[in-house]
Each structure stands twice: as structure tokens, then as C-alpha cells.
Amino acid sequence: MGEYLLEVQDLKTYFKVKAGRVRAVNGVSFAVKPGEKVGVVGESGCGKSVTALSIMRLLPQPAGEYAGGSVLFDDQDLLDVSEKEMRKIRGAKIGMIFQDPMTCLNPTMPIGKQIGEALRIHLKLDKDEAQKRAISLLDQVGIPAATERINSYPHQFSGGMRQRVMIAIALACNPKLLIADEPTTALDVTVQAQILELINGVCSEFGTAVILITHDLGVVAGMTDRVIVMYAGKVMETATTDELFANPVHPYTLGLLASVPRLDEQRHSQLKTIEGSPPDLVKPPTGCPFMPRCAFARAICRTMPSLDPVAGTSSHLKACWVDVTDPKEQAYAERRRQARLERMQAAMKDVVLTSEEK
Amino acid sequence: MDISERLNLNSATEEEVEPYLEIVTELVEKRRSQGRIIFDRFVRNRTAIVGAAFIIFLFLFCFAGPLIWRIDPNLNNVLDVNSTLAPPTIAHPFGTDDVGRDTMARFMSGGRVSLLVGLTSMLMSLVFGISIGAIAGYYGGIIDNILMRFTDVILSVPLYLLLFVLSASFTDGTPKSVIILIALFGWTYAARLVRGEFLALKEREFILASRTIGAKDFRLMFRHILPNAAGPIIVNATLLIGINIILESVLSYFNFGIKPPDASWGNMISTGQVLFALDPWLILFPAAGIFLTVLCLNLVGDGLRDALDPYMTER
Amino acid sequence: MGRYILRRTLQAIPLLFLMTIAMFVLIHLLPGGPDQVLFNPHQTAAAKAQLRASLGLDDPAPVQYVKWVTSALTGNFGYSFNTNEPVTTVISRAFPNTLELFGAALLLALVIAILLGVISGVKQGTATDYGLTILAYAGIAMPVFLLGLLVDDIFGVALKWFPTSGTSSVAVTFTNPFSAFVDHLWYLVLPMTVLAIAFIAGWSRYLRSSMIETVKQDYMRTARAKGVGPVSLLFRHALRNALIPLITVVALDFGSVAGGAAITEGVFAWHGMGLLFLDSLGRRDYPVLIAMLMIGAVFVIVFNLLADILYGVMDPRIRYS
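For the record, the sequence lines run as chains R, B and D. With the first letter of the first sequence counted as 1, position 105 gets the number 529 in the working numbering; the numbers rise by one all the way through. With the first letter of the second sequence counted as 1, position 94 gets the number 96 in the working numbering; the numbers rise by one all the way through. With the first letter of the third sequence counted as 1, position 52 gets the number 33 in the working numbering; the numbers rise by one all the way through.
Isolated chain R, as found in the complex (with noise of 0.2 Å):
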């Protein structure tokens, strides 16, 4: 076994759909290192979660298709692996958390017995063990009463709790990759941050690495030790978190970062926001998918640009022709919107033109 526990090399995922087929995910390349908190970025649809499904192989089948690249793991590569080993795998090696605590549950069986089912399949405990465990486990995530509680049924758990229950059912078995696909977006503000706190801390403590994905740049920059920036399918960005936030390199996460509503910012000015929508991923451009919404862009965004470190540094790596820090680049960025701005102005006022005229 090498220096990563994870390795994901050129993933390409397609789904098949009957105007041809979704590049999901497009040449995806990262790795992680045992124990390592790894964040995955960017907006809905860019890709991520069907790269964590990917890892697990939970794409839904027949419309899901592995295109090609492999995921190592633990010496395995996983895209190659039986059902019958992949299945080995889940629950025992990799846990997953999802988004909706609410709908992510069984409805009709008592929480007890969905913890207890992995630790039955995997470690072949008894039912009495099981049950045992999941009550060490409940109480572990942080759930009071645990041993009344075993018996309960989702419906009867708030949605922070029902989160604190799947993360119990990830970490049963103790797998050494936890990845967890939005874990907060579903929950009220109050809760996430608690969220948050128990998935960092059960981890750290049992050196579990994570893989963090969420459109949430707040929740990378507390608990990730490094941040993936993906967009369509392709990993545009990825530093560490400190460098990333400090400085970013690809007119992508500058509009990520600039699209953060801030608190010291002037109360009436306008929300920021990335112009446009991701592409559509059936005809991708044969560039850089960005291109179309990039201030930056040139002619020769029209070819992909490879993912390369930034000069002066090894971990930091971009997927970007342009250096967006020269003042000559951002002149003209900033000219570029300027102009969209206009256009916009003017086609909007065509379309309140025609709808009066009816």
C-alpha cells in the first residue's frame, strides 16, 4: 500500500439518458491520505456526489455507467471488484453519510436495528451484540437515552438526530474512509455547526479520513485539511485549504468565493453571483467548461488546460490558462462584465417589451 489510502485516477462516470449520454463526472484525479479531511467543492450538478457514488459504486444501474479511470483503494481498484467484494467494502471499509437525514432512513424499521445490520453483515455479530453496539454507538453520536432510544423509529427523531443515527451507521463498522455528500444542507443552521463538530471529532479520533462534499465553502474551511474545486464534471482547483482560501488561482473559486454573502460588506450593495449556468452535460464543451461564464476567457480556453501546479508551489494545482492575479487579466475581466451587464440590461428590456405588447 502506498502513501494514499484513496487514490481516483481520470473517473469518468456517464449516465445514460435518451438524448445521449451525461459526462457527470469527466477525468476526475485526486487522492487521499489515511486520515486526511478532504473537502469537495462547488455548485449543484458540477459532478461531486456522483463522484462519491462513484467511489462506492451506488450509481443507480442500468443508467449509470463507470466510462473509465479507477479508484484505488486499499490496493483494490474498486471499478474492477465483484458485487460480491464491493459489497465487502461498503459499510465495512468505506461509511457514507447523505444529505436528507429524513428520507435517508428506513421508515420502517427501529434505528437499532439499521446500525445493527451492518455490524450482523460484516463483523457476524449476534443480534444481541449488535444491539449491544449500536447502543455504545448511539451514545457515541451523542444521542441522550440511548438504550430507550435503540427501539425508536425514524419519525421519531428530529432531523439532527436522524443525522447523528446515520452518522452511527457509517462508523459502525469503523471503516477507514468516511465520505459524507452534503451532511448539513438539510438541516437548520443551528444544527450543522453540531454536525459538523461530532463528524470532526469521531473521525480525528479513530483516524478515519474524510471525504467532505459540499457547495458550502464555510463548512470546508472549518474541518477539511484540503479543498477539491470541481465544476462539470472536472476538478478545476485543489490546494490546501489555507492556500485555496488565501490564494485562489482559478476564476471559478474567485466567483465561489466572491458569491459568499459577507458580513462586513456595505448592506445595499448586490449580491455577487456566478452569471449564467453550468453547461449541459450531455454536449460539454470540448474546452474548458467554465469558458462560457469566465470573464477571463480567450481563444485558447477552447482547448482544456491540464490540472498543474501553480508555479512556486507542488500541492497547490489549477486547471486554468490564465493568471487571474495579473492587473492586465483583471482589466479585462472586468471590462467583459461590464459589457454582459449591458446586454443583459438590454435583452431584458425585449422581453418586458413583447410581454406588454400581449
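FYI, nobody ran anything at the bench for these hints, they're computed from the structure. C-beta: ideal position from N, C-alpha, C; glycine also. It cannot be assumed that every hint is accurate.
Stated by the list, open to error - No farther apart than 20 Å at their CA atoms in a straight line, the calculated lysine to any residue pairs in the SDA-like style are these:
#1 548/R x 211/D
#2 517/R x 210/D
#3 442/R x 44/B
#4 197/D x 439/R
#5 508/R x 215/D
#6 537/R x 107/D
#7 537/R x 211/D
#8 261/B x 211/D
#9 197/D x 527/R
#10 442/R x 107/D
#11 512/R x 211/D
Claimed, not checked - Derived contacts from chain D toward chain R, CB cut-off under 8 Å, selection only:
#12 202
#13 205
#14 298
Place chains B and D on chain R using the hints.
Showing chains B and D alone in chain R's frame:
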């Protein structure tokens, strides 16, 4: 920003071509109307279209057919042995029955009755159902309670048994009486549906808004709320025609529905079954009539359901 | 759970009460009115007068209703015009056969519907699924009497595989009770199959879509992420949840099953309550008819109640709310 300044900047651009910067496209895109979307979806459902086409064909066959096929469905021909219980021939494409009547002419006249029963009792049921559901849902409270308990009672008595008793006691064997009887018990589903929709919608903002500008109850009910329940009602109406045709045929089969000389597919089967060993064609055609009509109505109903489903994503 | 059952039971009581009122109204509406329904044409004038007094037919309607309901509650539905026996005697004679047909068909229908529903739900979009879909559409569009007629004519009349009508061989005395039982079962096959088929189509379609819906649920993915194997996934997670909505559908169909049983009995001359009903209808034997309507309605209400309770057992979200 000043225009001259912009021109100035433009001229200063590097020799590289600027790629087109995307603007929000939805603003300019032309939209299809809701009805158009539903129609397009329905048309793309091939089985539903086949079903609809067959129903139209059957209607034309039964209602316009007699204009071409001028044989009297009740014309006996007992004396000629060759033309009783005859299998299909060119002279009698569906064969003849035990008294030499032409089965195709009888199929048409029976089909007219069966389809008419299905259609008119559906319409009447809908009128009852919509009115009762609307009143119950709109006024709520005690009125709602009474009407819905009434509906529950009707739903709990086995429908076939009740219809048998009532049909045997009250109808005179004419299509009209059977239509009314069936309509009297077919409204429960539509009523529940409309009531549910009314209960859900009457507190919604757009209804409160029209109330504040002084819209009358009746107008509110039928102009503002009812159209929202149109989809499920249309689907239910389609299925109801089929259910009614089956009800009629069951009643007629056991001789409690439409009685000769009026022909219906149900009583054609009833009279034909004793002769099954001699001439299976006699029940085959009316049976196929019932089966195919109901099958196609179900296909159309399912097609409509899919087309009207707002949660179905447009592909 | 106890409170849930109690609440459901209490909710069923007003329905039963309203149902008796509806029946009472029906008796008064029938041609000839209550006289026709309650008096045996073969009765002597003295007996009629006595009955008239005991039922209080000259009393105001509410008093009549109370007297009628109390007599019905004590199992007194009057006397059959046809045989002069108490209605309860006539009906209880037909009851075992109906129970047998109904129970056997219901069991068969449920087992096959669940099996087919699971198969086509799991194999959604395959040739098997399309085949089953076509069969189901055909089954739904086929009226019970027509199916019965065709099955009877094909397997009974034409192929002679099964007896065409009746409940047991006539004019044969079996010394061995077992062979009598086998003979009886032989007669049961066709009507049971017909009645079952009539409901398999709809129920299996329903379970199919319920399965497809369930398999898509997030908790199925959670289970797979735990490493749960396909068998446990299908039965412990998917089927268990997919069956819950089917309970309601089956319960709502009980009235139709009862009607379908009557029709099937009519087609196959199965000597049960359905055939008795059709015979009584032909003779306008109203005491029997009214009693059967009431029994049918009570049966539907009770079974709906049982289904509600079963629903609570299956779905903890209902049980604890």
C-alpha cells in the same frame, strides 16, 4: 460607463478573439403553453394514441356504421336454416344468431347502447360528483361531514350487489333507466377528488385574493378552484366510461340491466352464452367489443395521467 | 397501538349506524314498500297482523327504524319468501362455500400479485416487465363475468379439464371423506382462479409502481451503502415498505371482491352467498337481499377496519401518531 471609453478599451484589446460570454438564455427563449406541453406529451405516448384512435373508430363504426350497413338488427330470418347461427361470411361479416339476425348490425346497435351508457352516465356522475365534492370542500364543517359520511356509506355497500337490487327493483330495462342508476353510484371518486382539491386550495393566497375583490362563492368555486382539479377529473372520467360499460354489461348479463329488444353488448353475451358450443362467434364479438373498449379507455386514461402529471420531467 | 385501534373502531361505528339508516330507507323505497319486504306472501293474515304489530309498521318511521335495527342486531332478518326459513338459516347454509371461495381467491390473488409486482418492479423495462404489463392491462379490461364465461367455456366445456359448474359432483357418493374433499377442490379451481385473476392485474400493477417508487428511495441507497446483500435489500427494505400502500388498495377493493365473488358464483353456479343473492334477486326475495346487502356492507366496514389496523402494524409512522 462612457461609450467613448468603452470604444477606447475595445480598440486596446489584445489580438486574441474574445469568446462569447453567456447571458441568461431563458429570458429570450420562447415558451410553449401549458396545454401545448400536455398535448405534445400525450401525442408522444404511442399506446395511448392507438387507444384513442381505436375508440374513435369504434364510435364511428357503431354510430355511423348503420348508414352504410343498412340491415335491421332485429330482422329475423328463422325460416332459412342456412342463415341462422352462421359463422362470419361476406353477407354477414360477424355471422348471424339463432333467429338469423345479423350480428354485425346487432353489434352496432348494442355498441351504441353500451357506449352511450358509458358516456352519459359518466357525464352525469361527474356533474353529481363535482357538485357534491365542491360543496363539501368549499363549505367544510358540518356540510362536509354529512356529505362525506354519505359517500362513505355508498362506498361501503358492495356496489355490484346494490346495483343488482336497485336495477331489479327500479329499472324497466331501457337504456335510460340503467344510465341513471349507474350514474347515481359512480360519483364517489370524483366527489372525493374535488373535495380534496377544494380543501387544499380554498385557503391559498390566490383564492383569498379573489375573495377580497368580492368574487361570489359560485364564481370562486368554478372559475378559480375547479380548473386546478381538472387533470385528475379528466383521467377519472376516461376510466369511468370503461367502468360504466362493464357495470352495464354485468347487469345485462344477469338480465337485470338492459332487456331485449334493446341490444347491448352485455345482453348479447347473455343470450349468446347458451349457444356457445354451437356458435362461439355470438359471444366473441360483443365480448371483444367490451374488452377492447375498456382496454383502450384505460390506455388513454393512463396516457392522460402521464401527460397531466406535473411532476413528470419534460424530456 | 391500542389507542390507535380504539380510535379506528370508534370511527367505524357512525358509518355502521348510517349504513343501517340507508338500508332502512331502501326497504321503504323498494316497490311495495316494507310490506313487500317484510311479509311473506305465504303467511296467514293473522300472522301478518302479528308481525305488523311486532314491527310496529303503523308507528312513526323513527320507532319503526329502532325496532327494525334491534331485530336485525339480534340476527332476525325475517323469513325467506322462497323457503319460509329464517333468513339467517338460509344465509348461513351458503356461507361456508363463499368463505372458501373468497378466502382461497384472496390468498391466491395476493400471493401472485405480490410475486408479479415484485418481479416486474425489479425487472422494470425488461421484456418480462412488458409481458406482465400487457397481461395486466388485459386483466384490468376484462370484466369478471366475461373472464368467468371464457374460462368456463374453454377449460370446462371445450377442454373438459375441470367441471363447469356446481360445488361437488352430484350423484356420486364418496365413502372416503378425503376423495370428497378432493372432488370439492376440483370444483373450486376455476371459480377461484377467475376471481383471483380479476384482482391480480390491478394489485400487481399497484405493487409494481410502489416497488419502483420504493427502490428509488434514499434509504435503499443507505442500505446498499451498508453493504446489505440483494436478497435482504429486496425483502427487508424494499418489499416491506412497498407493501404498505397496497394494504389500503386491497382494503378499498373488498367491496369489489365481494361483488366479483357474487358474479363468479353466478357464472359457475357455485352454491354460495353470491348465487343465493342472484337467485333471491330473480324471486325478489327481499328479506334475503336486504340481509345480504347489510352483511356485505358490515363485512366491507370490518375489513377496512382490519386493514387500517394492519396498516398501523406495518407502518410505525401511523402507529405512533
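Status of the hints after comparison with the structure:
For the given pair, residue 548/R sits about 17 Å from residue 211/D by alpha-carbon distance, which is consistent with the 20 Å threshold. For the given pair, residue 517/R sits about 16 Å from residue 210/D by alpha-carbon distance, which is consistent with the 20 Å threshold. With a C-alpha separation of about 18 Å, the suggested pair residue 442/R and residue 44/B falls inside the 20 Å cut-off, and the hint holds. Of the pairs offered as hints, the one joining residue 197/D and residue 439/R holds, with about 16 Å between alpha carbons and a cut-off of 20 Å not exceeded.
The hinted pair formed by residue 508/R and residue 215/D meets the criterion: a straight-line CA distance of about 16 Å does not exceed 20 Å. With a C-alpha separation of about 34 Å, the suggested pair residue 537/R and residue 107/D falls outside the 20 Å cut-off, and the hint is violated. About 18 Å separates the Cα atoms of residue 537/R and residue 211/D, which keeps this hinted pair within 20 Å; it holds. For the hint linking residue 261/B to residue 211/D, the alpha-carbon distance of about 57 Å lies beyond 20 Å, and the restraint is violated.
Between residue 197/D and residue 527/R the CA atoms are separated by roughly 11 Å; this keeps the pair inside 20 Å, and the hint holds. Taking the CA atoms of residue 442/R and residue 107/D, the gap is about 17 Å. The hint holds against a cut of 20 Å. A C-alpha spacing of about 13 Å is found between residue 512/R and residue 211/D, which places the hinted pair at or below 20 Å, so the restraint holds. The beta carbon of residue 202/D comes within 6 Å of a beta carbon in chain R, closer than 8 Å, and the hint placing it at the interface holds.
Hint status for residue 205/D: holds, given a least beta-carbon distance of 6 Å to chain R, under 8 Å. This hint holds: residue 298/D has a C-beta 5 Å from the nearest C-beta of chain R, less than the 8 Å allowed.
Violated hints, listed in ascending order, are 6 and 8; each of the other numbered hints is respected by the structure.
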